[in-house]
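Place chain B on chain A using the hints.
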Amino acid sequence: MVPDTNSKPRLAPGCRLGENNQQRVLLMPERALRLLGPSLEIIERCDGQHTIQQIIADLQKIYSKAEPQKVEQDILGYLALLQKERALDFEP
Amino acid sequence: MPSTLTNPLALIAELTHRCPLHCVYCSNPLELQSRAEELSTETWSRVFQEASEVGVLQADFTGGEPLARTDILDLVRAARSAGLYVNLITSGLPLDEPKLAALVEAGLDHFQLSFQGAREEIANEISGTRSHEQKLRVLQWLRQHRVAVTLNFVIHRRNIDQLEEMLAIAESSCATRVEFANVQYYGWAFANREHLLPTREQLDQSLALITHEQKRLEGKIRVEYVVPDYYAKYPKPCMGGWARKLMLITPSGEALPCHAAKVIPGLVFENVKDRSVRQIWEHSVAFEKFRGEDWMQEPCKTCDRREQDFGGCRCQALLLTGDAAATDPVCSLAPQRPKVDAILAGINAAPPAQLFVQPPWLYRPNPT
Numbered sequence: 001m002v003p004d005t006n007s008k009p010r011l012a013p014g015c016r017l018g019e020n021n022q023q024r025v026l027l028m029p030e031r032a033l034r035l036l037g038p039s040l041e042i043i044e045r046c047d048g049q050h051t052i053q054q055i056i057a058d059l060q061k062i063y064s065k066a067e068p069q070k071v072e073q074d075i076l077g078y079l080a081l082l083q084k085e086r087a088l089d090f091e092p
Numbered sequence: 093m094p095s096t097l098t099n100p101l102a103l104i105a106e107l108t109h110r111c112p113l114h115c116v117y118c119s120n121p122l123e124l125q126s127r128a129e130e131l132s133t134e135t136w137s138r139v140f141q142e143a144s145e146v147g148v149l150q151a152d153f154t155g156g157e158p159l160a161r162t163d164i165l166d167l168v169r170a171a172r173s174a175g176l177y178v179n180l181i182t183s184g185l186p187l188d189e190p191k192l193a194a195l196v197e198a199g200l201d202h203f204q205l206s207f208q209g210a211r212e213e214i215a216n217e218i219s220g221t222r223s224h225e226q227k228l229r230v231l232q233w234l235r236q237h238r239v240a241v242t243l244n245f246v247i248h249r250r251n252i253d254q255l256e257e258m259l260a261i262a263e264s265s266c267a268t269r270v271e272f273a274n275v276q277y278y279g280w281a282f283a284n285r286e287h288l289l290p291t292r293e294q295l296d297q298s299l300a301l302i303t304h305e306q307k308r309l310e311g312k313i314r315v316e317y318v319v320p321d322y323y324a325k326y327p328k329p330c331m332g333g334w335a336r337k338l339m340l341i342t343p344s345g346e347a348l349p350c351h352a353a354k355v356i357p358g359l360v361f362e363n364v365k366d367r368s369v370r371q372i373w374e375h376s377v378a379f380e381k382f383r384g385e386d387w388m389q390e391p392c393k394t395c396d397r398r399e400q401d402f403g404g405c406r407c408q409a410l411l412l413t414g415d416a417a418a419t420d421p422v423c424s425l426a427p428q429r430p431k432v433d434a435i436l437a438g439i440n441a442a443p444p445a446q447l448f449v450q451p452p453w454l455y456r457p458n459p460t
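These protein sequences, in sequence, are chains A and B. Reminder that position 72 of the first sequence reads as 72 in my numbering, one-by-one numbering, no gaps. Adding 92 to a residue's 1-based position in the second sequence gives its number in my numbering.
With the rest of the complex left out, here is chain B:
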């Protein structure tokens, strides 16, 4: 076993790619998997058991819309009885009050409700469907249940000016945590990037507001803010480092080191139908590829920050430079940073009349 090998701590279970929403920044790949390809209840149950045995603490049930799985209650029970902490990341759409009660009864620990905005109009525009009202209903039901509640707001140019209203929704709910995550540019978001990136002025205003609100709400609501890394000085430690902390399983059972890894050409992914979680974690060539530091180029190779950010994001390096082993170009030390600066300059120089009208979105379809 190589010395760089650590235990995985979380398993991201993409239970399905089916989803009633069509969000323009969906983190699923452009090529969506169909219902016929999805893993069975039994295979998922085995995967949860194996994950727990290699040290995984938390299972993140996501999708698509995880509630689209008709066996969702069995999956929650299976993960919980394997000893995992169960998170559900949901739009709240295919949900009614009895189903929520049954989920909590089955052992759900943490309910993460995604929001597309603070107002009906923008939320529905982004999700390509009427969804906002139902989320507000779900928030009311959640008051009756003993489960942790997080509100997940995905932030971008068209809603970054609504942060105060979003916080007001959170404060009037039973949420103990709010996540404002700026869009990360992969998959559908990469395709819609020109319409999603906020301006520098918007970003600066949002940062000032969040700092103030975090202080005001301390001890009541934990407020987390993920900035768009194109504006950052150093890259994010993507997934806590390639194959260091997390394993993602796609609906059909492929094991990936992150949501977007399939964009990297030449990587071969193992499937949990053929291999155990431990075998994959320890031996998958794709997991080994960017684990540790041996793969790094300059300036990462000799950089003091390489143990903090692990060279940033491999998929972003590929998408922006064509080389998955390059330093993440959002890093101010990266030779290819000018590419990111050019993208930002384009946005920040554009006239407002062009920036703040409803763009021609590319919506994510619902696979069959």
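Only chain A is shown next, with the shape it has when bound in the complex:
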């Protein structure tokens, strides 16, 4: 399933940011994902306000030395993974 890039991802109920040993983690049912660099920047924008397109544009700015196409693919891949985990809802 590929989410519409105009939709606004938002952390699903019971999924939130936490901390462990000075490391940011995404806490969710029966799981915790360690967040490093770009994954944290993506999650912080999954607030129901940013569209996927805006998240992509933001990260392309932050990682301006990286190939923009590659940044986009990585973000879509990461969002798909989080969707499979049921960590995201997509608001229209």
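To be clear, the hints were calculated from the coordinates, so they are not data collected in a lab. Quick caveat, the model's predicted, so the values are computed rather than measured. Careful: at least some of the hints might be erroneous.
[Said to hold, decoys possible] Below, simulated PhoX-like cross-link-like pairs (lysine-lysine); rule was C-alpha separation at most 20 angstroms, straight line:
id, chain 1, residue 1, chain 2, residue 2
1, B, 354, B, 337
2, A, 84, B, 393
3, B, 393, B, 325
4, A, 84, B, 307
5, B, 365, B, 354
6, B, 393, B, 328
[Unchecked claim] Okay, the calculated bits of chain A under chain B, using three or more residues with CB under 8 angstroms as the criterion:
id, stretch
7, 23 to 37
8, 42 to 56
9, 83 to 92
[Claimed, not checked] So these bits of chain A aren't anywhere near chain B, every CB distance computed over 12 angstroms:
id, residue
10, 5
11, 59
12, 61
13, 62
14, 65
15, 66
16, 67
17, 70
18, 71
19, 72
20, 74
Here a beta-carbon is modelled for each residue, glycine too, at the ideal position from N, C-alpha and C.
Just chain B now, with coordinates in the frame of chain A:
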């Protein structure tokens, strides 16, 4: 500190053994602890703080029925303010709508509602009480709240053919996760094993169905399936390895590496009333006993899979072979695997007329 020491990630808080249900596969030990022995709110609050400090991320509030504790809201608040992610594993029985709202308000992250079946009749038979209707009511209330919802179905011979109906309940609810866990054979389930083990045919059908449904529901509901390990080729990595990831605290405060560890003779367990979580995690002799690989016998000792399954389950080894340090006998490489095969052969050769009638269950009582 030995090099095999890792951080615990989850604390299983058995808040009480009191429970309105009498499930025939209850994971509590046969010897239940009474209300008078239960830890105070203050001690639990200290334990949550100490657990968070050693790296624990999640607290699993379980029982018995955790809602039987009158201080449950204070306990949720205490765990949450210690920085833990709070899971509640409940029958949903001693619950009304205002109490649910208060739990979410207190910081509950994840509500796990246990089901005994898809239909009233079998659910009530298994729990030894009328419980199914109330669970369906709780599912309706949950729609109004921002909390993760998992439906936990415990699977066995008498309900494994209802998986589709169970999924239909999940799909018509706000659950994002469904756990179908076949009964694990310890405690009450071990006593009722002959009546709970599914047949191989049932298991094969269920596996085909689950694989199909996982695909269909991807992105909507995460469907997890735990097979009965008697039918497996290799053992489960029980608790993610002995004293590697989890600590369980009983209602009276004993710290165990797993639910069933008290069946192993000779182990002495520390109590959180006397020691900190860190002291116990790092120094408890019971935690050290099967940590790492030094305790292993052949074939585990030299097996390539020893870092994947850690030799399987110590309690199962004890229950089936009499030796807690033996290779888990469900492993196809275990010298004692024939014992498990004999149990399965008995079930699979029995005539259906004998397998599919209501058996003389041994029900779990409610301690005072």
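Going through the numbered hints above, which ones does this structure break? Give me the numbers in ascending order. Hints 2 and 8 are the ones this structure does not satisfy, whereas the remaining hints hold.
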